[in-house]
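This is what each chain is made of:
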Amino acid sequence: MDLGFIAQYFVNGLVQGITYALVAVGFTLFFGVLDVIKFSHGDVLMLGAFTALALFLGLDQLASPAWLSLIIMLCIGTLAMGLLGALLCKFLVLPLKESPPLNTLLITLMFGSVIRESVRLFFPNGSNPKPFPALLPEASINWGNLNLRLDSVILIFTGALAIVVTHLIIQKTRIGLAIRAVAQDEETARLMGIDFKKTVLATFALGSGLAALSGISTGLYYQEINFSMGLMLGVIGFSAAVVGGLGSIYGAIVGGLLFAFLQTLGAIWFSVPAYKDVFAFAVIIILMAWRPTGLLADRSAERV
Amino acid sequence: MCKAQRLSRFWILSFLCLFFSGCGEDSETVKITFIGPLTGGVSAGGLGGRNSADLAISLRNQAPDTKYKYELVSLDDECKPNIGVQVATKAAANKDIVAGVTHYCSAVAMGTVDVYHKFNLPVIVWGAVLPDITYGNDYLEIHRVNGTMINQNTVAAEFMRSQNFSKWAVIHDTTDYGKGHFKYFQIALSKSEGTILGTFGVNPDQQDFTAELTKIKALNPEVIYFGGLAPTGVRIRAQMDKLGMTQVFQGTSGIVSDAFIDGVGDLSEGVLAFREGAPTEKLPGGKMFMEAYEARNFNEPAEAYGAFAFAATNLIIDVIEQVGPDRRLIRDELNATQGHQSIVGPVTFDDHGQNTIAVITKYVVQDGEWVVWEDSEYASGKRFLK
Amino acid sequence: MSDLKTKLVLLLGVALSVIVLYGFLYLEREWEIGVLLVMVPLGVYFLKRANALTYYQHAAREMPRFTWISFALGVVVLIMLLRHEDFALLMLTTVLLYATVSLGLTIQFGFAGVVNFAAIAFFGIGAYSMAILNQHFLHIPDLLIIFFSGAISALLGALLILPILRTRGHYAALITIAFGILFRTFLEVNDVLGGPQGLRVSGLEMFGWDFGNSFPNELGGGSFYVAYAIVALVLLATGYLITRLIEASWLGLNMDSVRLDEVASASFGINGPRWKITAFMLGNCFAGFAGAVYAAMYGFIAPASFNLSDSLLLVSIVLLGGIGNPVAVIPAAFLIVVLPEKFQVIQEYRLLLFGIVVILILRFRPSGLMPRGLRQYFAGRFG
Numbered sequence: 005m006d007l008g009f010i011a012q013y014f015v016n017g018l019v020q021g022i023t024y025a026l027v028a029v030g031f032t033l034f035f036g037v038l039d040v041i042k043f044s045h046g047d048v049l050m051l052g053a054f055t056a057l058a059l060f061l062g063l064d065q066l067a068s069p070a071w072l073s074l075i076i077m078l079c080i081g082t083l084a085m086g087l088l089g090a091l092l093c094k095f096l097v098l099p100l101k102e103s104p105p106l107n108t109l110l111i112t113l114m115f116g117s118v119i120r121e122s123v124r125l126f127f128p129n130g131s132n133p134k135p136f137p138a139l140l141p142e143a144s145i146n147w148g149n150l151n152l153r154l155d156s157v158i159l160i161f162t163g164a165l166a167i168v169v170t171h172l173i174i175q176k177t178r179i180g181l182a183i184r185a186v187a188q189d190e191e192t193a194r195l196m197g198i199d200f201k202k203t204v205l206a207t208f209a210l211g212s213g214l215a216a217l218s219g220i221s222t223g224l225y226y227q228e229i230n231f232s233m234g235l236m237l238g239v240i241g242f243s244a245a246v247v248g249g250l251g252s253i254y255g256a257i258v259g260g261l262l263f264a265f266l267q268t269l270g271a272i273w274f275s276v277p278a279y280k281d282v283f284a285f286a287v288i289i290i291l292m293a294w295r296p297t298g299l300l301a302d303r304s305a306e307r308v
Numbered sequence: 019m020c021k022a023q024r025l026s027r028f029w030i031l032s033f034l035c036l037f038f039s040g041c042g043e044d045s046e047t048v049k050i051t052f053i054g055p056l057t058g059g060v061s062a063g064g065l066g067g068r069n070s071a072d073l074a075i076s077l078r079n080q081a082p083d084t085k086y087k088y089e090l091v092s093l094d095d096e097c098k099p100n101i102g103v104q105v106a107t108k109a110a111a112n113k114d115i116v117a118g119v120t121h122y123c124s125a126v127a128m129g130t131v132d133v134y135h136k137f138n139l140p141v142i143v144w145g146a147v148l149p150d151i152t153y154g155n156d157y158l159e160i161h162r163v164n165g166t167m168i169n170q171n172t173v174a175a176e177f178m179r180s181q182n183f184s185k186w187a188v189i190h191d192t193t194d195y196g197k198g199h200f201k202y203f204q205i206a207l208s209k210s211e212g213t214i215l216g217t218f219g220v221n222p223d224q225q226d227f228t229a230e231l232t233k234i235k236a237l238n239p240e241v242i243y244f245g246g247l248a249p250t251g252v253r254i255r256a257q258m259d260k261l262g263m264t265q266v267f268q269g270t271s272g273i274v275s276d277a278f279i280d281g282v283g284d285l286s287e288g289v290l291a292f293r294e295g296a297p298t299e300k301l302p303g304g305k306m307f308m309e310a311y312e313a314r315n316f317n318e319p320a321e322a323y324g325a326f327a328f329a330a331t332n333l334i335i336d337v338i339e340q341v342g343p344d345r346r347l348i349r350d351e352l353n354a355t356q357g358h359q360s361i362v363g364p365v366t367f368d369d370h371g372q373n374t375i376a377v378i379t380k381y382v383v384q385d386g387e388w389v390v391w392e393d394s395e396y397a398s399g400k401r402f403l404k
Numbered sequence: 004m005s006d007l008k009t010k011l012v013l014l015l016g017v018a019l020s021v022i023v024l025y026g027f028l029y030l031e032r033e034w035e036i037g038v039l040l041v042m043v044p045l046g047v048y049f050l051k052r053a054n055a056l057t058y059y060q061h062a063a064r065e066m067p068r069f070t071w072i073s074f075a076l077g078v079v080v081l082i083m084l085l086r087h088e089d090f091a092l093l094m095l096t097t098v099l100l101y102a103t104v105s106l107g108l109t110i111q112f113g114f115a116g117v118v119n120f121a122a123i124a125f126f127g128i129g130a131y132s133m134a135i136l137n138q139h140f141l142h143i144p145d146l147l148i149i150f151f152s153g154a155i156s157a158l159l160g161a162l163l164i165l166p167i168l169r170t171r172g173h174y175a176a177l178i179t180i181a182f183g184i185l186f187r188t189f190l191e192v193n194d195v196l197g198g199p200q201g202l203r204v205s206g207l208e209m210f211g212w213d214f215g216n217s218f219p220n221e222l223g224g225g226s227f228y229v230a231y232a233i234v235a236l237v238l239l240a241t242g243y244l245i246t247r248l249i250e251a252s253w254l255g256l257n258m259d260s261v262r263l264d265e266v267a268s269a270s271f272g273i274n275g276p277r278w279k280i281t282a283f284m285l286g287n288c289f290a291g292f293a294g295a296v297y298a299a300m301y302g303f304i305a306p307a308s309f310n311l312s313d314s315l316l317l318v319s320i321v322l323l324g325g326i327g328n329p330v331a332v333i334p335a336a337f338l339i340v341v342l343p344e345k346f347q348v349i350q351e352y353r354l355l356l357f358g359i360v361v362i363l364i365l366r367f368r369p370s371g372l373m374p375r376g377l378r379q380y381f382a383g384r385f386g
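Chains as they are written, first to last, in the working numbering: chain A, 5 to 308; chain B, 19 to 404; chain C, 4 to 386.
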């Protein structure tokens, strides 16, 4: 096949992969810190995108320039979702710390449902797909059969930057140190004087902020958002995090890119490109059977 | 305990009273059901249809010589076949409902024909264009006032060939609607000697089309034919631009709605589509309908098929006035409809309950609006399709 | 308590339940249902005050077989009372079928601790099996097709066994969710199985009786749904019997111990994977049976009917009733299926409300409305 087309597929896949990786990193953070799967992550992503859209509609009335709107949307969107994440943690997740982890999974799943339905019911015309403004420059470069759009490049770059920044926060700052300590051993961390609650809240806020970023990126890329986009992205993000190994940020990134790669492969191979999702999920299930704790996870001992 | 026992006795008594609370139902109210997509991506069409049916009912209720009082029971089929079957079953199982004005989405209409037949509920389709809905079965209950997609695609093929296009790539959704359009377009195109370079079936809810479009780009067609509804069409058109594809986008009646133009914005310029029936203003009763619709101040416009919903509702009311609110009598009377005057012209149901609509309108998007081809600047040569 | 007295108490319980259920299904106006909704908990409260409930529980424990037979007969009476109401029967049958699936989930999750977020996928497998076998293999009797549907569900579920066994907790949950999505996506892209358009399913035909015909006039006449309702009842009754038998036997004991602590039970020689597999396949089998009857009744199935939200709905039913309690599943299914139909307002907000309800339950009363009682270790009777 023509190199240009391969490059086209590669670029498409990369944008998707970074989006998935952002979601996966969020999942991994939550799990690492609280041993909890926050299944409403995908729907928080969707809510972030809708918040940004609502902001945009408001800002549009005030005739603000595109770049300013974008920055405001990003900032407020991520902050708002960070806040929501923290609230969710405080009221729904922390109180259930002592119950079987399945209850937490269920409660967050249901919360995700609640967010999804609320948007569908209460956002004006929520059940219709909504056009998302094209705020990124639409210039494109044409190299033979490859059409490289500037916005794709910007999105890839921003996503990668977000991941790098997250990594730096986790590795180099005090709060990052606290997060890592709590993830390793909660009791000892508390003994060492780390404020458990604050750390956990911070983790949730961080993860949810990343989700909002991912949501806004998706909106900007497809120029469309709808109330059910979070479900699929959440499951894919979760799969990516699990395949990469829950608790490992590198694993999440690998998982996200892997899933996008599988999808692209499926799209090329199969004559009916729609089979790509079936293909990708099937491979995930097989990978889970082969490596139950993920590709990059640390070997963990189980206390009996 | 004594008090509890007394309370329990009171409880049992009042409970029994519920069952004797009598029927306060006004036995002169006749219920007609309207089923269409009231939520979801194609809700614009559904709401337009519902408003039009509602308009018809209120106008007739106000008219002095109407024997019965009519009530519209509107149900949402969400343009999904399974939901459609559920609400159709609900309506059909309700003995108070005597007839129905049903369905905009062909996929849903195909799923529900059995339900109406099973429960003997006579219905008139107002927006779905798949021929099999009336021709694929021998049910006496199913009728349709709008035309089918066969003519639409024949005219489309001839017209596009006359504009000197010869190479197509086809994207169609995998519901009966999209598949039907593809089938008839393919037949029509082979008669007009056009070539289809590649066909891609997609799921109507699919989000990402870059894979399919990249493959199409490799085939290098002149036109991309899209058989499907507006939400899917919006995504495809937007993503074509992402990949730098400049082919002409040709759609069907499914995208003739404001929702499509709102969704793609400027990219809608030069998009073509075809629809059976004249534009509402040019229909025989069109002006009257539009004025009455405006006067009611609905939140949503009537859209392309509102007039048909209006006509269908009026036809049902006419029949009920004649034979009374009985499902079987209504069904038989509808089957005998010949040359019945309505705002869309004279309605005659053939032996499969299908009305014939001769006119096919060609549309092109110009400056953010659907304009009839003949009236557009493309026809007069001032603008050019890519 | 004398035998006769016990039987009378039990029959009274059945009669009351039948009347209440009839009320819910038959009454149409919203205020009437509202009144009923208020009166039933009040009634339960009074009965509790009058110690009538403990009386009833004792009676039920003394004669368990009589209890469930009388309840089954009670439902038959209910069906007969409602025989002319198409839609009420449709709802009742749906409740019975969902309750069957929930019983399967109870075995998987309440007994053996195997998480299953793809219950609706197995339901769907049963439905599609019925659709295809019915259309293409006309000479196979429908009863056999129902069995096959259950078997196919169980077998396809077996595909997931290896991944599920090798993983714990969240990972296993992910696998079932992924499978659910895979199932639905596969159906949508596959034209052979109808694609998004869905498939038409012909009705059942058993023992020479075509279910499409109205109920015979000699037996009182009525809608054709009566036959389906009876089939669903038989299915539920059988399922309930099996569940109870399992619970009371060493099978259930093993499953419970595997759920509570797999490592400890392994050290006692209990084969964890074996019981998990058994529970998983059996539960899916139930779902497959229910799906087959559902498909035949509705006459139409499409991939869009089988998505994650519906799986979550089924999980809510089990949670609402009380995990591990087979009896609780039936009133919970009833509430979740019937109430949104009766209150149009709720219908739109259905998923939202159920999400909130489940969140509240998980937060404040994780054991559900009717928590599972302690296991009774006395030999002999079940239940």
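Watch out, some of these pointers could steer you wrong.
[Unchecked claim] Some but not every residue of chain A turned toward chain B, in silico, with C-beta under 7 Å:
no.: 1; residue: 132
no.: 2; residue: 135
no.: 3; residue: 175
no.: 4; residue: 177
no.: 5; residue: 180
no.: 6; residue: 275
In case anyone wonders, no lab produced these hints; they're calculated from the structure. Cβ atoms here follow ideal geometry from the backbone N, Cα and C, with glycine treated the same way.
For this session: So, residue 180/A near chain B? Judge it on the closest CB pair being under 7 Å.
Result: 34 Å, violated
Exercise. Per the CB criterion, is residue 275/A less than 7 Å away from chain B?
Worked result: 9 Å, violated
For this session: Verify the interface restraint on residue 177/A: the C-beta must sit less than 7 Å from at least one C-beta of chain B.
Result: Hint on residue 177/A: violated, closest Cβ of chain B at ~36 Å, above 7 Å.
Problem set entry | Closest C-beta approach of residue 135/A to chain B relative to 7 Å, hint status | Nearest chain B Cβ about 5 Å off; hint holds.
Problem set entry | Closest C-beta approach of residue 175/A to chain B relative to 7 Å, hint status | 34 Å, violated
Exercise. Would the stated hint for residue 132/A survive a check requiring a Cβ distance to chain B of less than 7 Å?
Worked result: With a minimum Cβ separation of about 6 Å from chain B (threshold 7 Å), the hint on residue 132/A holds.
Hints 3, 4, 5, 6 from the earlier list are contradicted by this structure; the remaining hints agree with it.
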